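Asks: So the chains spell out like this:
2 protein chains.
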Amino acid sequence: MLGRVNHIAIAVPDLAAAVASYRDVLGARVTEPQALPQHGVTVVFVELPNTKVELLEPLGDASPIAAFLQKAPGGGMHHVCYEVDDILAARDRLAAGGARVLGDGNPKIGAHGKPVLFLHPKDFFGTLIELEEV
Amino acid sequence: MLGRVNHIAIAVPDLAAAVASYRDVLGARVTEPQALPQHGVTVVFVELPNTKVELLEPLGDASPIAAFLQKAPGGGMHHVCYEVDDILAARDRLAAGGARVLGDGNPKIGAHGKPVLFLHPKDFFGTLIELEEV
Chain A
1 MLGRVNHIAI AVPDLAAAVA SYRDVLGARV TEPQALPQHG VTVVFVELPN TKVELLEPLG
61 DASPIAAFLQ KAPGGGMHHV CYEVDDILAA RDRLAAGGAR VLGDGNPKIG AHGKPVLFLH
121 PKDFFGTLIE LEEV
Chain B
1 MLGRVNHIAI AVPDLAAAVA SYRDVLGARV TEPQALPQHG VTVVFVELPN TKVELLEPLG
61 DASPIAAFLQ KAPGGGMHHV CYEVDDILAA RDRLAAGGAR VLGDGNPKIG AHGKPVLFLH
121 PKDFFGTLIE LEEV
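One line per chain: the protein sequences are A and B, in this order. Heads up: the first sequence at position 56 corresponds to 56 in full-length UniProt numbering, and the numbers run straight through without jumps. Heads up: the second sequence at position 66 corresponds to 66 in full-length UniProt numbering, and the numbers run straight through without jumps.
Read the hints as simulated data drawn from the structure, not as lab findings. Predicted, not measured: the structure shown is a model, and the values here were computed from it. Treat each hint with caution, since some may be false.
Intra- or inter-copy, both count: the list cannot distinguish identical chains.
[Claimed, not checked] Think about it this way: if two alpha-carbon atoms lie no more than 27 angstroms apart in a straight line, the pair counts; the simulated BS3-like pairs of lysine-lysine are:
id: 1; residue 1: Lys108; residue 2: Lys122
id: 2; residue 1: Lys108; residue 2: Lys71
id: 3; residue 1: Lys122; residue 2: Lys71
Generate the whole structure from the sequences, applying the supplied hints.
Replies: Structure (C-alpha cells):
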C-alpha cells in the first residue's frame, strides 16, 4: 500500500533561519516560502534528489503545528508523508487493521491540493503519518 | 552538498510490533531484523520505492537510542540521514557554517559500513541529521 515518501515535514519556529541553514550550511536547494492560510502554515520545500523536506512555520492563530512547537520550541520532525494510489482503499485497510485515522476519518484536501489522511501517532510508534493520494 | 535521503530513522520500543504494523497494516515491504551489537541497535528497513525507513530497537545496555526512548517511551522519529559525496568536505563546510558535529568531529563507520557524521539537533531546528558518505 505505501508508495514513495512524498516528504518529511519539520516544524520550525523561524522559517527564514531554517531556510538559511538548509540552503547555506547544508547546501540544499530550497523553494520560495508559500503562505497557506487555510492550512495555518507557511511552507518551504528542501528539494533533494529523491524526495523533499517540508519546512513548516505556523501561520495565524489556529495553526495545526502551534501545539507541537509549544512542546518543542526549537522545532522538530513533525510527520512523514507517504503516497498511496487510492486513499479510500487505504482508509478501509487501516480501519480493518485497527489503526485510527485523525478527524472524522474522511480524506481532506491537503496543502498540496491532493486528498490526504493523517494517522494517529500512537498507532505508529510515535510517528505522525500522512497519506496522500497521487 | 546534501544528496538523497538515505533513510528516515524511527526508534521503537518493540521491533516485532513495529514490523507487523508497517508490513501488515501499512502494506510495506520490510527486511529481516539485523542485530548490530557494536551499534547498540537491532534494525529493520521498510523499503519504499524512493528511500527507506529504518526501524531501530535498543540492543544491549549502552544503546544510543535508550535515552531517546526514555523520553518518548512509545517511540518516535529519531533522525534523517542524507547522503553526501565527500564527508570530510561536508565536515569542513559545516564547521565553517558554525554547525556542531557530534562526538570528536571525525567521521565514524556507521551501521551500514560507511563513514557517517551526526550533527547537533539544536543547530538544525530539533532534527538530528546524519550524513553518510556513499
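Asks: All hints are to be evaluated individually against the structure, with a verdict given for each.
Replies: Hint by hint, here is what the structure shows:
1. Lys108 / Lys122: Answer is within: at 21 angstroms inside a copy they meet the 27 angstroms cutoff, but 33 angstroms across does not.
2. Lys108 / Lys71: within (26 angstroms within a copy, 32 angstroms between copies)
3. Lys122 / Lys71: both (17 angstroms within a copy, 15 angstroms between copies)
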